[in-house]
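**Student:** The lines below spell out each chain.
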Amino acid sequence: MVENKGKSQKEKGKSQVKIEVKELNIWFGKVLALKSLNLEIQSNEILGVIGPASSGKTSFLRQLNRLNELEAGFRMEGEVLLDERDICRIKPEHLRKNIGMIFALPQVLPISIYDNVVYGVRMHDGKSKSELDAIVEDSLKASFLWDEVKDRLKEFATKLSGGQQQRLCISRTLAVRPEVILFDEPCSGLDPISTAKVEESMLRLKEQYTIVLVTNNTKQAARVADRTAFFLMGELIEIDKTHKIFTAPQDKRTEDYIQGRFG
Amino acid sequence: MKLRQIKEFVIEKLIFLSGIASILFVVLIFVFLLKEGIAFFREVPAKDFIGGKYWYPISDPERFGILPLILGSLLVTFGAILVSVPVSIACAFYISEVAPVKLKDILKTGIEMLAAIPSVVLGFIGMTTLVPWVKKIFHLPTGLTALSGSIMLGLMAMPTIISISEDAINAVPKSYKEGALALGATRWQAMYRVVIHAALPGIIAASMLGIGRVIGETMAVMMITGNAAVIPQTFLQPVRTLTATIAAEMGETVHGSNHYYSLFAIGIILFVLTFIINITADMFLHRNKK
Amino acid sequence: MKTTTKQKIAFSILFLCTIIVVLPVLFVLGVIIKNGAKGISWQFLTTMPSDGMRQGGIYPAIVGTLYLVSLSIVFSLPVGVMAAIYLNEYAKDNLLTRLIRLAIVNLAGVSSVVYGLFGLALFVTFMKFGVSILSGALTLAIMNLPVIITASREALASVPYSFREVSLSLGLSRWQTIRHSVLPFAIPGILTGAILSLARAAGETAPILFTVAAFYLPNLPVSVFDQAMALPYHLYIISTQIPNISIQTRYATAFVLVGIVFTMNIIAVILRSRLRKKKKW
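So the sequences go chain by chain: A, B and C.
Read in order, the letters of the first sequence correspond to residues 1 to 263 in my numbering.
Read in order, the letters of the second sequence correspond to residues 264 to 553 in my numbering.
Read in order, the letters of the third sequence correspond to residues 554 to 834 in my numbering.
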């Protein structure tokens, strides 16, 4: 089923707009975290989002699945459209089912590996044990974790290594069958080998999913993103094909940031 | 799907109702004390009630003056403050700033145990040990005195004062103390020049909550203060407190009599008193957090 | 005087004050154990009192206290936990929340005998439950609510915020999130608080004076509308109202009461320390 959905998306054409952001402003209390943002995210692309701390990139990401709403003092203007529908008119539960999220630190729950993977699915609709088993296998395979954990699904997920935990989180998100996956600095706590594995799964996933990757690591964006957006102080400075951003940025600030002059 | 939404709607409403239940209960307590107590003030003016020197609720004519009871409560409370506040604050400082980690845990457990001993048990032990001692040491006709009550209540207030003061002391940012130490102050100097100032609002709140507990304490005080409803002159004579009066007499009153209503009127006074103390203490605690 | 000498003296005084606090605890417990333990026998724990309480056991008082305490927790635990969930998971920082917090502070501070009056006025008289286990248990339940709310709230607050984010990000509703990724991890802390509140309720006398407690009953209570004897009240009357009771009986009763209260406390403490060790996040 996972694959079917991917294909049908693909058939609609490569440059189809999945998410469209129009004149988005976000405040937390009196702080303007994001200033009149306009951008589009295409189906089946990996959009890299880079920028220094408090550049608004995480606020942007957390707006896409409306997690910002949990913060005190949150206020917004503008629109975010998912498949041309205003996300504020979609029930948060439905929206978040369609837009999964991977957090900076691997947030596994202190329950078994199996229970972690089915955590979301189990709540959504009554699935039989065998259906759940199949979902667990599919999802773990998709994040390249299956072979490492297939014999110990009942073990505590907290026993896994950091990289395994992060891939488990990816499986858990895939199990809910989203269309878009948001990665919030997914490798910030991982060693290079684990990072490579997570990146590898990201590249595979984009065949079926639309991916937004917020990262502090500009090289990571260069390695995996199709297009890259550079945020600074709550503003989108530049968005373009990744190789253009990294080789011929239009804006001086982008160039400075990429070359490590600040941030 | 629909069913789940209905279920969640009901649960979240229940959660909200439980959330505001505390407000409801405080209001209910006040309303029901008023309901039973307000009738009394039609019979006896508040001025005569609070200012009256004689509490003879079952003699003829009845006299409902609670001045001796108020003074009894105040005297015992005052004594208990003297007993508990300085010692408790010192103890809180010792536990949070001086004691080694292992000893700290033992001491904390000891204080938790003190808090756990039921008031009626402390009253009983007071009767069998403290009261005879007081009688012997001061050559009194009876050891059931305000002093005995003050000592026992002081003891009972200690856990409250110690644990809240300790929280206040622990909440003082480490940098304050380290700053003082870096300037060459001894730990003790850092403590009484810096830490105590920063922790003061919390310590005041702790003391007030301790006092609130003493004023409201019932069983122990009833068992060891002698319960004589006279205006007290010294610590070495029997006194009767507001709480003990309610506890001791409610069982004997006729439902609907003036005596019955007068005990609720005393309850109103106690409720208002502890209300004020707790709100004030909470304000101090809150200020401390900012 | 040298500052270090001053410090030594100051610390010694602080230590002495600490001893002043701790010694009476040991003394009280020592006296109870020394005088009470020898009065404890199977017969004392399991027979009815006789000869105006001077002979026989304290069985009905123990049973009465257990009934009271268990029924009170049935009322206070659900309301207390849900109130804690409201405060920790739903409440915004507004006037209502501040009012709730103040109300809890006040409930915790109201004199126990005032709770007794309240129970008498509301449950016994107004709701016509009479002097009964139900009235007493409800009174104790309201009295214990602040303890349970505070402990449960702490337990909920100690569950990492990220658990909630993960659950919400997977499309679970707010209640599902609380039910499946917050509550399960807060349960041990909530239980600890509940047991501590039980211990407290077991030792309370003033709230049950006019709402449930009976001087003497020849039979055990059979319904929640019956009166009951209770251990703390029993200790009160045998030590103040009835002359010529052997001091050993009084001490033994105190021993049993303290024993019950402390056993519950110890269970709570063990639960808490195991929870701290086992914590997986």
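Incorrect hints may appear among the rest.
Claimed, not checked - Sample of chain C residues with no beta-carbon within 10 Å of chain B, all distances over it, derived:
hint, residue
1, L567
2, I593
3, T600
4, L655
5, E707
6, Y714
7, H733
8, N797
9, R803
10, L824
Unchecked claim - Lysine to aspartate or glutamate pairs mimicking DMTMM-like chemistry, simulated, CA-CA at most 25 Å apart:
hint, chain 1, residue 1, chain 2, residue 2
11, B, K276, C, E718
12, B, K265, A, D125
13, A, K141, A, E207
14, C, K591, C, D604
15, A, K150, A, E137
16, A, K206, C, E718
17, B, K276, C, D604
By construction, these hints were calculated from the structure, which means they are not laboratory data.
Since we're looking at a predicted model, the values are computed, not measured.
Glycine residues also receive a C-beta, built at the ideal position from the N, C-alpha and C atoms.
**Student:** Would you pick out the hints that fail for this structure and give their numbers low to high?
**Tutor:** Checked against the structure, the hints that fail are numbers 1, 4, 9 and 17, while the rest are satisfied.
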